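Peer 1: The chain contents come next:
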Amino acid sequence: AQKITQTQPGMFVQEKEAVTLDCTYDTSDQSYGLFWYKQPSSGEMIFLIYQGSYDEQNATEGRYSLNFQKARKSANLVISASQLGDSAMYFCAMREGSGGYQKVTFGIGTKLQVIP
Amino acid sequence: DTGVSQDPRHKITKRGQNVTFRCDPISEHNRLYWYRQTLGQGPEFLTYFQNEAQLEKSRLLSDRFSAERPKGSFSTLEIQRTEQGDSAMYLCASSLAFPGQGTTNEKLFFGSGTQLSVL
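Line by line, the protein sequences give chains X and E. Residue 26 in the numbering used here sits at position 26 of the first sequence, and the numbers go up by one each step. Converting from the second sequence to the numbering used here requires adding 116 to each position, the first position being numbered 1.
It should be emphasised that the hints constitute simulated quantities derived from the structure, not laboratory data. Source: prediction; values computed, not measured. Don't take every hint at face value.
Unchecked claim - Quick list of the computed label-pair ranges, beta carbon to beta carbon:
{"id": "1", "chain 1": "E", "residue 1": "ASP179", "chain 2": "X", "residue 2": "GLN69", "range": "42 to 52 Å"}
{"id": "2", "chain 1": "E", "residue 1": "LYS130", "chain 2": "X", "residue 2": "ASN67", "range": "47 to 57 Å"}
{"id": "3", "chain 1": "E", "residue 1": "GLN200", "chain 2": "X", "residue 2": "ILE46", "range": "36 to 46 Å"}
Think of the CB as a built atom: it goes at the ideal place given N, C-alpha and C, for glycine as much as any other residue.
Model the full assembly from the supplied sequences, consistent with the hints where possible.
Peer 2: Structural data, given as structure tokens:
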């Protein structure tokens, strides 16, 4: 089974509108972390937001928020007030386990295009 | 504050040649990772270092691949006898992790990658 599933290969959003990028995950661990990264055409992966499995509140970072639904194993990224500079690939990722090293697994990404 | 830098940005080589990539992490970061990303996929883990020690390698890392981090600072990734299937973006990331503490929130800082094309 895929550890991280992103089912939207591409999304369009009008500038200034909000958009939700979907992510579901699969793990049997109780302790895990969920991340979203942005990858513009330049190639660099940019950290956006983090949610811990024990965090009761949804994470927020500026215009980014993470809609964490633990029972459904989903961690959707919400971008509010989209800007042209938000056009990029977006990757959901998960780090599992506790103690020692835990590998980070990435989804295949969603390409977001913001329309003026 | 400089980020993670990778060199070169692009590399074109002929099949069978050896190539070496360099990664300079953020200076105080003790962990360094190599990932590979092919078109339409997310990054896939290759290997990681805690200071100068290489602690884990993926099965993706065949014996043609070798990575070093000799002084716990910069790292090199060498691919010997390149094959067309090695064509990919090679990403380096670094992080600051404290042994003994939970690391599920360990944030990776990535470089811009080295795009390898094997002809």
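Peer 1: Which of the numbered hints are not met once you compare them with the structure shown?
Peer 2: 3
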